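Peer 1: Order-wise, the sequence lines are chains W and C.
For the first sequence, my numbering assigns the number 1254 to the initial residue and increments by one for each residue that follows.
For the second sequence, my numbering assigns the number 9 to the initial residue and increments by one for each residue that follows.
Wrong hints could be hidden among the right ones.
[What the hints assert, rightly or not] List time: in silico DSSO-like cross-link candidates among lysine-lysine, alpha-carbon distance up to 30 angstroms: (1) C/K472 <-> C/K222; (2) C/K222 <-> W/K1274; (3) C/K79 <-> C/K69; (4) C/K253 <-> C/K69; (5) C/K440 <-> C/K253; (6) W/K1275 <-> C/K222; (7) W/K1276 <-> C/K379; (8) C/K280 <-> C/K79; (9) W/K1275 <-> C/K379; (10) W/K1274 <-> C/K379; (11) W/K1276 <-> C/K79.
Hints were generated in silico from the structure; no laboratory data involved.
Note that the structure is predicted; figures quoted are calculated from it, not measured.
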Amino acid sequence: MSRLSDHNVLVAKEIIARYPKKKSALIPLVHLSQEQNGYVTEDAMRHVAELIDVTPAEVYGTASFYEMFRFEPTGKYLINICGTMSCQLMGAEQLMHHAEDRLGIRAGSTTSDGLITLQHAECQAACTEAPTLQVNYRHRYRVTPEAFDQLVDDLRSGALDDVVPPHGTLARNRQQIPAERAVGAPDPDDVTEGPAWIQVTPA
Amino acid sequence: MSTEYTENTDRVVSPLPWAPGFYPGDRPQIVTSRFQYEDGHTLERYHATGGYEGLRAALAKPPDEVAEEVKNSTLLGRGGAGFPAGVKWGFTPQGVWPRYLVVNGDESEPGTYKDRLLMECDPHQLIEGCLIASYAAGLSQCFLYIRGEMPLAHERVATALDEAYAAGYIGTNILGTDFGVDIVLHTGAGAYVVGEETALIESLEGERGMPRLKPPYFPAAVGLYGQPTIVNNVETLANLPFIAKEGSVAYTAIGTATSPGTRMIAVSGHVKRPGVYEIVNGSTTFRELLYGEDFAQGIRDGNDLKAFVPGGGSAPWFTAEQLDIPFEGPQAGAAGSMLGSGAVMVMDSTTDIPAAALSLVRFYAHESCGKCVPCREGGTWLYRLVQRIVDGHGTDADLQTILDVGQSICPGDMQHASSERLGLDAVPFPYKMTTICFVGPSAYVPIHSAMTLFPEDFDALVTKRGERRSIPVMAGAGE
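Input sequences plus hints: build the corresponding full structure.
Peer 2: Pasting the structure below:
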C-alpha cells in the first residue's frame, strides 16, 4: 500500500499541469512519494509512471540517478555528515568517527530502533560554518562532538519534532499557482506565436 | 589524518544569525542589501526597500532596450564560466517560440555558498531578476531549479512566489501590461553534475542528469524540450533588479571594466573569520580577502598560509605567491587557475595536503555521472590511488600512475600556478579535456595541483622503488 494517497494524487496532478511535458514532473512526484512513505517504493514508482505516462522502468531509471532518493526503509532521521574539503579541513573525519561511536553504527547504516540513518555526504553549501551536517537536510553548523550528542538526544526525545520533519519531507509548504493568474504550460509543439509583449515591428 | 579536531568555540559567529556566515562590511551592496533584515525574505520588507522598482522600470521600456542595458552592464555569469549574461541571451534564434528560462539554483561546487543565501534571505530579488530576464528575452515560462538539499530555500522561495503571484508580479498581465510569465519552483534530488547547464535541462525533463553532447554548444539555441532556453545562475539574476533600476552606467561604475559590479565570495577553511562577503569585482585581491580586517582577518592561530583554492573545488590551487592577484578572470587564468563560482578554501601550514586533495578527488569521482569513460573510470582510479597513498600504502609508481590517468582526462600540459620555490612557471588556462563537461578534469585538478606544488608531501608518504615490500592483505583492505 504505498501508491500515492488520494490527496497526493490531487497534488501530483497540480504539479504535472505546471510543465509543458508530463515527464518533467518525475522528480517532484518521486519526492512526493518519498514524503508519503519515507522512502521510494516500487508501487509508488509504478503509480508515478501511470500518472506521467511513462514506464515504471523509466521512473526507476531516472530516480536511481539521484542521491536523495532511497529505495529501502530509512531512519526517521537521516544524518548526513559533510566530508568535502572545507569540512575535511575543519575536522569532518573526526566528527564522523565520533558519530559512528555514539550511534554504534557505521556510516551507511541505520540504528536498530530505526530512528537514525547515518551517511557520509558531499558539500552542503555551508562551507564557512564547517564542519557541518544535515539532519533530514536541515543544516547544523560548526558541529562539535558535544553538539552531535545533544542533537541525537533531542531527536530521540522528540524535542526537535517541530523543527525537523520526518525523512522524505523537504519543504513544509508547496508553491500554489492561482488558476486565475496562471499563464499555463502549453506543449511547445502547440505554440506557434511569440509572446504578446514582444512586438516584431514591421519593416 | 593529522589534522586535529578543532573545538570551534572561539570562532567569530556571524552577526546575522539568519544569514549564517555573511558579513556585510562597508562596501557596495548590490545583491546582499537586504541580508541585514531578519525579514528580508518577505514581500513587505522587499516593498519597503525598493523592491520590484527594477521590474517597473524595465516594463516602461521596450524589451530589446532592457536586453541592451544588460548587455552594456557586462554582467558576467556567476555560475563558474563567467560568460556575459547579455551576450548569452543574444544567442536565442530569431522567431523560434516558446523560449524558456531555467534558473540554476543547484549550487553544489565545493566551497561555494552564495546562491543558497540569496534564495533564503532575499527570494523576491531573485524572482524580480527572473521577471526582468523573461521580459527582455521573450521567455514565456521560467523554471526555478533549486537543489533538493536546501529545504529552507524551497520554503522561502515558495512563499515568495505565492506572495508575488497574489500581488500581480507573476502570471498573466503583469502590472497591467501584456507581459505574462509563470515561474515554477522545481526540486532537484541530489546530483552535483546537474549544475552543468545541459544536465540541468535533462534533469528538468525528468531524465538522469547527464550533460548533453556538444554541439549544439548553447541551450540558448537548443535547450529545454529542444526549444531556445536561457540558463542563468541565481546570483547572475539577482543582479538584474539593480541594473534595471539604476542602469548599466551605475553598475559598471563599481568594479573594473572587464569585471564590473560586485560578486559574492565564500572564504572557508583555516582563516580567523570564515565568511561570505560581497566584494567589489575585478579589483579586490586575494590578499585583501584573506588578510583584510573587513574580510577573513588572516590565517587561524597565527599559522602561515600553505595554499588556497581560489575558485571552488574545480580550480587549480594558488599559494602565497599568487595573493596579489585580483578577482579578474583573465588574470587568474594567466596565473594558472580560475575564479569559478566564488569560493576560496584556505589551507594553513598544518594542513595534511594529500588528505585535503583526497577530499576533493573523492567528491568528483563520486559525482561522475558515468557518461564519459575518462571521468567514470579515471576519476575512480584517481580516488583509489590517492586513498592508498593517504593510507600510507602507496608507492612512487602510484604517483606516476596518477599522472598517467590524468593524461587520459586532460591530455598535454595541465594548468597550474607558478612556484618560485620549485622553479616552476605557471601553465595558463585552458586545459584540454576528453570529457563532455568539467567533472572529469575536476577530479584531476586538485591532486595535480597538490602534487605539483607540494611534491615533498607525497614523497614522504610513499614507498620508493627498491624499498618496496609486500603489503599484508589485511592492511591494504581497510576501508
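Peer 1: Taking the hints in turn, state whether each one holds.
Peer 2: Now for the hints, and whether the structure bears them out:
no. : hint               : verdict
1   : C/K472 <-> C/K222  : 43 angstroms, violated
2   : C/K222 <-> W/K1274 : 24 angstroms, holds
3   : C/K79 <-> C/K69    : 15 angstroms, holds
4   : C/K253 <-> C/K69   : 12 angstroms, holds
5   : C/K440 <-> C/K253  : 41 angstroms, violated
6   : W/K1275 <-> C/K222 : 26 angstroms, holds
7   : W/K1276 <-> C/K379 : 21 angstroms, holds
8   : C/K280 <-> C/K79   : 39 angstroms, violated
9   : W/K1275 <-> C/K379 : 25 angstroms, holds
10  : W/K1274 <-> C/K379 : 25 angstroms, holds
11  : W/K1276 <-> C/K79  : 35 angstroms, violated
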